[in-house]
Each structure stands twice: as C-alpha cells, then as structure tokens.
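Listed below are the residues making up each chain.
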Amino acid sequence: MTSYDVALSLLASGLVLMILSFLYRESGWFSFAEHIVVGGLSGYGAAIGIKNVYYQGLTPLAQGQFWYILAIIAGLLLFAGLFKTLAWWVRVPTAIMIGTGIGLNMRAAVETQVTAQLIDTVRSINTASLTTNINNLIIVIGVCCVIMFFFFSTESKGALKPVGIVGRYFLMISLGSSFAYAVMGRTSLMIARFQDLLSYPNYYTIFLAVALVLYDILKQRKTS
Amino acid sequence: MKLETLLKIDSRWIFLAFLLAVAIPIIRPIGLPLKISENTKQVYDAVESVPDGGIVVLTPDFSYDNTGELLPMLETFLNHLFTKNIKVVSVSYYGAASPLLMETAMKSVGLETYGKEYGVDFVNLGYIAGDETAVAAFGADVHALVKVDHYGTPISELTIMENLRSAEDIDLEISLSAGMNYPELYLRQWQTTFGTKVTGGSVGLIYAPLIPYISSGQLLGYLPSMRGAAEYELLSRKPASAIVGMDSQSLVHLVFIAAIILCNIGVLGSYLKPEGGEDET
Chain A
15 MTSYDVALSL
25 LASGLVLMIL
35 SFLYRESGWF
45 SFAEHIVVGG
55 LSGYGAAIGI
65 KNVYYQGLTP
75 LAQGQFWYIL
85 AIIAGLLLFA
95 GLFKTLAWWV
105 RVPTAIMIGT
115 GIGLNMRAAV
125 ETQVTAQLID
135 TVRSINTASL
145 TTNINNLIIV
155 IGVCCVIMFF
165 FFSTESKGAL
175 KPVGIVGRYF
185 LMISLGSSFA
195 YAVMGRTSLM
205 IARFQDLLSY
215 PNYYTIFLAV
225 ALVLYDILKQ
235 RKTS
Chain B
5 MKLETLLKID
15 SRWIFLAFLL
25 AVAIPIIRPI
35 GLPLKISENT
45 KQVYDAVESV
55 PDGGIVVLTP
65 DFSYDNTGEL
75 LPMLETFLNH
85 LFTKNIKVVS
95 VSYYGAASPL
105 LMETAMKSVG
115 LETYGKEYGV
125 DFVNLGYIAG
135 DETAVAAFGA
145 DVHALVKVDH
155 YGTPISELTI
165 MENLRSAEDI
175 DLEISLSAGM
185 NYPELYLRQW
195 QTTFGTKVTG
205 GSVGLIYAPL
215 IPYISSGQLL
225 GYLPSMRGAA
235 EYELLSRKPA
245 SAIVGMDSQS
255 LVHLVFIAAI
265 ILCNIGVLGS
275 YLKPEGGEDE
285 T
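Protein sequences appear in the order of chains A and B.
Per this note's numbering, the very first residue in the first sequence carries number 15; after that it's consecutive.
Per this note's numbering, the very first residue in the second sequence carries number 5; after that it's consecutive.
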C-alpha cells in the first residue's frame, strides 16, 4: 500500500464518519461531507454526459454520418427551457423521447409483464409434491383475491367482502416481505462501510471520531 | 417500569446496538451457518450452462450508494466467469458511476489472475445513455450503437466484439440492478424479443417485486443483496467480503426484531394505560 493509497483510504473513511456523525447530531462535519458527495457526483455525471455526447454524437457526425445532427439539435433543444421565449421548443425532444420510449416499452410489455405472469398463475395442484401443491394453491388464491381487492365497480359486500379482506392480508404480507428485504439491503450497506472502516489504516479515523464525540459530550455536560 | 417508556428510548441507543451488532462479528467472526438457496443454485447453473466461448453481457446498473450490496456480487460473478472460457462484455445503462465501479471490481478481481486479456476476453463499454431506447438499440445492432469502449478504443479493433452483433448472440445477460426498471427492461427488450436468458442480482429494496419473474422462469434466478452474493461466493468456492458480512447481517436482524418487539410492547403499554392514571407494571 503506497502512501497515496493510505491517504485516499483515510480520506474516504473520514468522509464516511462525517456522514455517520449525523446519527449523533447534525454538525458542520456532516454538511461538509454531504456537499462533497453532491459536488463530486454531479461533476462526475457531467463528465460522463459530455463524453457520451462526444463519442455517441459528435464523432459519428465528424465521420460523415450527417443525420446525427438531428439528434444533436434535439438534445440542444432540451436546454431551450432555460430561455422564456424559446421554452416551447422543449416539447419537441420531450415528445420524441416519450413517443419512442412508450413505443419500445409497449412492444414487449404486454407479453413480459402481463401474458407471461398470467400463464404462470395456471398451476397444477396435483403434483407429486404436497408443498408444491399448497404453494401453487396459495399463489392462485392470492392473485385472485388481490385483484378482487382492487375491483371497484361493485360495492364490496356479501361474498365479495371476505375475498377482498383476504386480498388485503396477502398485500400486507407482500409489503412485509418487501420491508424485510429493504432492511436486509440497508444493513448490507452499513456492513460494507464498517468492513472498510475496520480495516487498515482506516480504523485510526474511528479513534479520532470517538475522541471528538467524547469531547462534545463533556462540553455539553459542562455547559448544562 | 412503565411499558410506554420503551417508546421514549433515545434512538441513539438503538443506533449503538446496531453499530455493535455490525462491528463485533467483523472484528471477531462467529461463523454462523449459511444455507445455499435453490434460487442461488439456479443463478449458478445459468452461468455454468453458458457454452464454451460463449458471450455474457454484464450490466452493472448501480452507483456508489449501492456498492455495499452489489459490488461483492459483481466481483463474485466476475471471479466465476473468468474461471471459464467465456467472453464478458460489460455495459451500463445507469448513469454516472457504473463504468468506474466496473474498473474498481476489475482491479480487485484482476484479469491477469485468470490469464485473460482486455479486448479478447473482456471489454468495458462504459455507460450508454437512453435507458429503454439504448437497450433496444443495443439488442438490435450493437455495432450501430456503440462505436468505442469506455477508454475510447474503437470496438472494431476489439476481437471480443466480432461475434457480438445483436442480442441474439448473447448467451446470458447478468443484470446487477439498483432499480426495479432495469431487470424488467432487459426482459422486455432482450428476453421477450430475442429469447436472451436473463439472470443477476439486485439490491434488497427492489427484490420482492422481482420474485414473480423468477417464479415464471423469465429470470433464471436472481440474487438478493449481500445474502445472495454470500451464497454465490460459497457455491463458487471463492469466499470474499459478502460471506464475512453475513454474521453481522444475522446479528443486526436479531437486534432489529428485538427493537420491533420492544416498540410493540411499548405501544401496547400506552393502550393499556388508564386515562389520567398511573399504570405501574
């Protein structure tokens, strides 16, 4: 590990601790790190964007593919919104993007997200495995009940009411599952940061952070 | 003790409990058992089924904020792919950091470790703007859309790109995604249109809504967050950071369950408290 790597590593872990300091209380350190993140990512995003325009737009144009000028003009028109008199022209590239996007999406969306899913609900409950049969039955009942829960043309009463209630419970279980996955994901982010923080030479920054928090606690006790 | 006082605990104590649950197993690993799920085996088998000399397109559609979940997954996929005679093409449709993250992963994995060569066995095409339009265009005619790789080298000079003309030439698409729309996008534009096989992994937040696609067989398995990466590391016999993190993951989940139970007891206590009276429990 070169001294350059060590310095970069310490800088990165220092910034992580500055962000984490928010858990203790909001401070100037947090704002400082937050601004660096926003500035750094915006700058990098802009650089990638410029690179894309150069390679995907200007280079083919310079090689004689003149029709690329249309795409470049459409791209430039997106900035027309910055000028009051020209703002209307933003609608042209926006319409192109929306039209193309919806067209391409619809081309396969029905088959991918409707037909294939619908076919998957046609399941046998007479397989050799009992657990598979139960699972298949739960899927079919769940899908039907949840769809009925979102059926608004008839008042939910009589036989429809319990179906809607079962649908609501299926939805709650589904939301609970999503939330649990979200917790697992967010925990993974924290673990990865701590794996970094607890490795050499980053753990030195933790001692500094702990010392700063203790100093702050003592200072607050004195003033109170 | 009044039960409702559980609701008044300073949240910083909970943060401290989480911090300890994360840090202690990293400093002193416990080695809790990890079971490999059918889903992970399905992903592994999908990679194993790629024919000799086949082409895999790897799409890391995530940014720095998701490295904790998806960088170990990216590295474990690269490690597995490079042990085989497979051509790996990396391209991202998610802005900013993805090409740079691929560089980070490649530094960690190392092409030379596996005797592979850039431009022959692996290429980083970088980021292509346009989402759905770009993915559709890539699937229809790769060479019409992409002119250079991430470093500005014309793709006509890269051997690996000779046999990749459209999505029909892709033997497997591995999507590493931080957004729900990306796996769906590959399913729409490549799987449904060209019959390309799709697998990969995602952050935990978007995983549950993707399960129906696994169930229907449209996705050939899909790894959830760090847990998926850890199982894959175990299956490919290349233990790395994800496995190390799983002890912390389990402990944090226990702390989380304890916090939920305590909060609910607190809420129950506030319901049981008689109005205006002192309820000493």
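These are calculated hints, taken from the structure and not from any lab test.
Take these hints with a grain of salt, some might be off.
Chain A is faced by these chain B residues, among others (derived, beta-carbon under 7 Å) [unchecked claim]:
1. F19
2. V26
3. I28
4. G99
5. E136
6. P158
7. V207
8. A212
9. S245
10. S252
11. S254
For every residue, glycine included, the Cβ atom is placed at its ideal position computed from N, Cα and C.
Each hint tested on the structure:
Nearest Cβ of chain A to the Cβ of B:F19: about 5 Å, under the 7 Å cut. The hint holds. Here the hint on B:V26 is kept, as its CB sits about 5 Å from the closest CB of chain A, short of 7 Å. Restraint check, B:I28 versus chain A: the minimum CB separation of about 10 Å is more than 7 Å; hint violated. Contact between B:G99 and chain A, as hinted, is supported at the beta carbon level, the nearest pair being about 6 Å apart and thus within 7 Å.
This hint holds: B:E136 has a C-beta 5 Å from the nearest C-beta of chain A, less than the 7 Å allowed. Here the hint on B:P158 is broken, as its CB sits about 10 Å from the closest CB of chain A, past 7 Å. The interface hint given for B:V207 holds, since its Cβ lies 5 Å from the closest Cβ of chain A, which is under the 7 Å cut-off. Satisfaction of the interface hint for B:A212 is found here, the shortest Cβ-Cβ separation to chain A being roughly 4 Å, below the 7 Å cut-off.
The beta carbon of B:S245 comes within 6 Å of a beta carbon in chain A, closer than 7 Å, and the hint placing it at the interface holds. Against a cut-off of 7 Å between C-beta atoms, the interface hint on B:S252 holds, since the closest Cβ of chain A lies about 5 Å away. Evaluation of the B:S254 hint against chain A yields a violated restraint, the C-beta minimum of about 10 Å exceeding 7 Å.
In summary, the structure is inconsistent with hints 3, 6 and 11 from the numbered list given earlier, while agreeing with the others.
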